Structures are given as structure tokens and as C-alpha cells.
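2 protein chains.
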Amino acid sequence: MEREISQAVIRRMPRYYRYLGELLDSNVERISSNELSKLMHVTASQIRQDLNNFGGFGQQGYGYNVKFLHDEIGKILGLNQMHNVILIGAGNLGQAIANYVNFERLSFRMIGLFDVNEAKVGKTVSGVEVHHMSELQDFLMNNRVDIAALTLPKDNAEKVAEELVELGITAIWNFAHVDLEVPENVVVQNVHLSDSLMQLSYNITQI
Amino acid sequence: MEREISQAVIRRMPRYYRYLGELLDSNVERISSNELSKLMHVTASQIRQDLNNFGGFGQQGYGYNVKFLHDEIGKILGLNQMHNVILIGAGNLGQAIANYVNFERLSFRMIGLFDVNEAKVGKTVSGVEVHHMSELQDFLMNNRVDIAALTLPKDNAEKVAEELVELGITAIWNFAHVDLEVPENVVVQNVHLSDSLMQLSYNITQI
Numbered sequence: 001m002e003r004e005i006s007q008a009v010i011r012r013m014p015r016y017y018r019y020l021g022e023l024l025d026s027n028v029e030r031i032s033s034n035e036l037s038k039l040m041h042v043t044a045s046q047i048r049q050d051l052n053n054f055g056g057f058g059q060q061g062y063g064y065n066v067k068f069l070h071d072e073i074g075k076i077l078g079l080n081q082m083h084n085v086i087l088i089g090a091g092n093l094g095q096a097i098a099n100y101v102n103f104e105r106l107s108f109r110m111i112g113l114f115d116v117n118e119a120k121v122g123k124t125v126s127g128v129e130v131h132h133m134s135e136l137q138d139f140l141m142n143n144r145v146d147i148a149a150l151t152l153p154k155d156n157a158e159k160v161a162e163e164l165v166e167l168g169i170t171a172i173w174n175f176a177h178v179d180l181e182v183p184e185n186v187v188v189q190n191v192h193l194s195d196s197l198m199q200l201s202y203n204i205t206q207i
Numbered sequence: 001m002e003r004e005i006s007q008a009v010i011r012r013m014p015r016y017y018r019y020l021g022e023l024l025d026s027n028v029e030r031i032s033s034n035e036l037s038k039l040m041h042v043t044a045s046q047i048r049q050d051l052n053n054f055g056g057f058g059q060q061g062y063g064y065n066v067k068f069l070h071d072e073i074g075k076i077l078g079l080n081q082m083h084n085v086i087l088i089g090a091g092n093l094g095q096a097i098a099n100y101v102n103f104e105r106l107s108f109r110m111i112g113l114f115d116v117n118e119a120k121v122g123k124t125v126s127g128v129e130v131h132h133m134s135e136l137q138d139f140l141m142n143n144r145v146d147i148a149a150l151t152l153p154k155d156n157a158e159k160v161a162e163e164l165v166e167l168g169i170t171a172i173w174n175f176a177h178v179d180l181e182v183p184e185n186v187v188v189q190n191v192h193l194s195d196s197l198m199q200l201s202y203n204i205t206q207i
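Line by line, the protein sequences give chains Y and H.
Numbered per my numbering, the first sequence spans residues 1 to 207.
Numbered per my numbering, the second sequence spans residues 1 to 207.
There could be a bad hint or two in this list.
Here are some chain H residues pointing at chain Y (derived, C-beta under 10 Å) [as the list claims (entries may be wrong)]:
id	residue
1	Tyr17
2	Asn99
3	Leu167
4	Gln206
The calculated label-pair distances, taken between Cβ atoms and stated as ranges, are [as the list claims (entries may be wrong)]:
id	chain 1	residue 1	chain 2	residue 2	range
5	Y	Arg109	H	Asp25	35 to 45 Å
6	H	Met141	Y	Gln81	23 to 33 Å
7	Y	Ile5	H	Met141	29 to 39 Å
Hint data in this document are derived by calculation from the structure and do not stem from the laboratory.
A quick note: this is a predicted structure, and the numbers were derived from the prediction, not measured.
Just so you know, even glycine gets a beta-carbon here, dropped at the ideal spot from N, CA and C.
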């Protein structure tokens, strides 16, 4: 696919994937865009538009084959391959994220946690060992790592991100409260919890 | 303000607030939209447009007064008042979120955690007591609660959300992997971690 697809569309794809997964679990074999529209509370035309970015998938008069569409969106999202994930910062949030990644039925596998706190080193979280940060380079030489999650205070996040990029990491899942400056060939996905909380707070003022 | 402001604008406001807070911490008193533009990697015209939604704040030839703009955006976001938060689901993620909310310099205060697991009841997380779910109604009668965070499995989230709404909660910070159906006067802010991870996964395929 040569044409660039907007991040707004990409942001909606996981939601399709989630709803189609639930339909699959309920043994629904096919669904019209109108039915999907009612279920997801988006317009049928939005659904058709979104999916047309990837070539459609629907058949006139039949609707969508749920399993086929689920699989195709999975492929688009890169979920047909396993991603090895490491995590820097094995505090509360880091441990929650490690558990989360391993428990979700997704194509992601937590393979190592890193922290500077000696008290945490050698322990396991969700079956995954916590290593000292000084072991990072060795670990990256011996393991394929596709994604690094950053769950550490913002003051350290920039420095660690730089180090990760130097060591060849090209995808960062960033929970630190800072926008990372990275080269163009590195992708960053931010989860800014306090931004989310402030957006909620704004919407409360509008009730 | 009568005119409705788009969620896309609202989503960007916390980021302004964050950058202005950092400028304040660095004792910067004023900043031009061009300087702010360079710092935040958005166009100066985007900044002016965003802030014009709320009436502007800049002065020709002077730029923005950092403290004033920070305070005004804070007010817009409702951060000039304290929000009492409770959390349902005191697992790993719940504990991380409880810590997070209390440690951030924000206008949010975690005042109670709830869980069905007897082993957790009576313990404290970040100084906040874990109550049994059966105490929820009493708690809500005796405490002002502005926001309920849901950090529980998706199978229970819908039922608990319904219960919360019946008990008068009008703002939900939802971490459960499900889109909640709520009445119109209830606001929901979702943090779908796996959606975020899938968006990252997609962007990896585009590197």
C-alpha cells in the first residue's frame, strides 16, 4: 500500500478489530455495515470509508465476513506477527503493563523488564525477569526486541529513549509524561495518562 | 462559552498546559507563538487557532504571558478545582493508577479504592484504603466523588458502570477493554491500552 493512511483512521482500526473479535467469539459469521454501525455507534458510511482505505472487504448484499475481516484488519495492524517487548521502569505502572501485555490475547510478548533499583533486579513479574539497566545492551544483542515500553519518570525518559535508539530500538511505547525527541525512523506511541485525565476534567465542566 | 469546541482541540490542550508548566518551572515569563511552535513541534498558526477557541490570550508584539496562559488553560480544563476520584478494581493496574493520580501535581485526589477481593479489603495503596464493593453505596452517600476510574476486567466493567451511574456518578475514567454504554449526561474517557499498542504495531509496519 503506497498511499499514506491518516492516523485518525489507524486509531479507529483497533476498535473494529475488538468488535469483530467479540462477534467471532459469539459465533457471528457475517455482518452488514448497517448492523456493525449500530453496534459500534458510528455511521455505516464511516465504516465503509475507513475500510475502503485498505481496499474494502465487503460484498454487496452479503456484508462482511467476520472472520475474514477480523484477520485482514489484524494483518493491517501487524498482529499476524509476534512482537517482543521490553519494559524500562519496573515500578507499579511497569508491573501493571507487563501483566497486561502478557495476559492480553495479542501478538505481543513481554520478554524482559529493566530497572536501576537493585531491590527489583532478579525478581519476576508475570514470569518475566527484572534485569539491571546495565544489562540492557547485552540483552539487546542477544534478543530480538521490537518494542520498548517506557514506564519511568519523565526526567529519565529522554536519556533512556536516546540510549534505546542508539542500541537500535525503533518502536517506543511511551508512558512517561514527556514528548520524546526521536529520529524519523523511530515510532513513538504515547499514553499520557494525565492528558487523558485532564480531557475528562474538561468534559466534566461541559456536563 | 456557548460554542462547542471540538474534542480534537480539547485533546491538545493538556499538552499546552504541560509545556507551559515546564516553561514556568524554568522561570520563562513570556513566549511568542513562534517560539512555542518550535518547542512543541506544531505550527504557530495551529497554536493561535487552538487558543482562539477560548478567546486568544496573546498580545501582538508581546506574545503569551506564560503564567497567565498556564492558569487560563488550567481553568478551561477544570483544574482550578479539586476532583475526588475513586477507583474500582485494585489490581496491578488499579494500584498503579492510584499512585499515579496521587503523585501527579494535578487537581485530582484518590479518596477510595474498591475491590471484590476480600484479601485486598482494608489494605492501603498510596495511603488510600481499599473497601469492599458492597460498601460503594454508603461511601458515595458520605463522600463527594467526581470521577470513578474503572480498572477491572471488561466482563464486569459494564455492570459496575451501570451501578455507578445509578448511584449518581457522572464521569468515568475507563481502562476496561470495552466501550461503555452510558446515558448522555455521563462522560467517559477511555484509556484503551491495547488499542494504543495496536496503533504502535501498525506504525511499525510502516517504518
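* Does the CB of Leu167(H) sit less than 10 Å away from some CB of chain Y? -> 16 Å, violated
* **Hint validity - Asn99(H) Cβ closer than 10 Å to any chain Y Cβ** => Hint holds; Asn99(H) Cβ to chain Y Cβ min 5 Å, cut 10 Å.
* Status of the given 29 to 39 Å range, CB of Met141(H) versus CB of Ile5(Y) -> 50 Å, violated
* To do: So, Gln206(H) near chain Y? Judge it on the closest CB pair being under 10 Å.
  => Holds, because the Cβ-Cβ distance from Gln206(H) to chain Y comes to roughly 8 Å (cut-off 10 Å).
* At the C-beta level, are Met141(H) and Gln81(Y) separated by a distance inside 23 to 33 Å? -> Cβ of Met141(H) to Cβ of Gln81(Y): about 51 Å, so the range 23 to 33 Å is violated.
* To do: State, for the Cβ atoms of Arg109(Y) and Asp25(H), whether the hinted interval 35 to 45 Å holds or is violated.
  => 39 Å, holds
* Identify whether the interface hint at Tyr17(H) stands, where standing means a beta carbon of chain Y within less than 10 Å of its own. => Result: holds, 7 Å to nearest chain Y Cβ.
Of the numbered hints stated above, those contradicted by the structure are hints 3, 6, 7, listed in ascending order.
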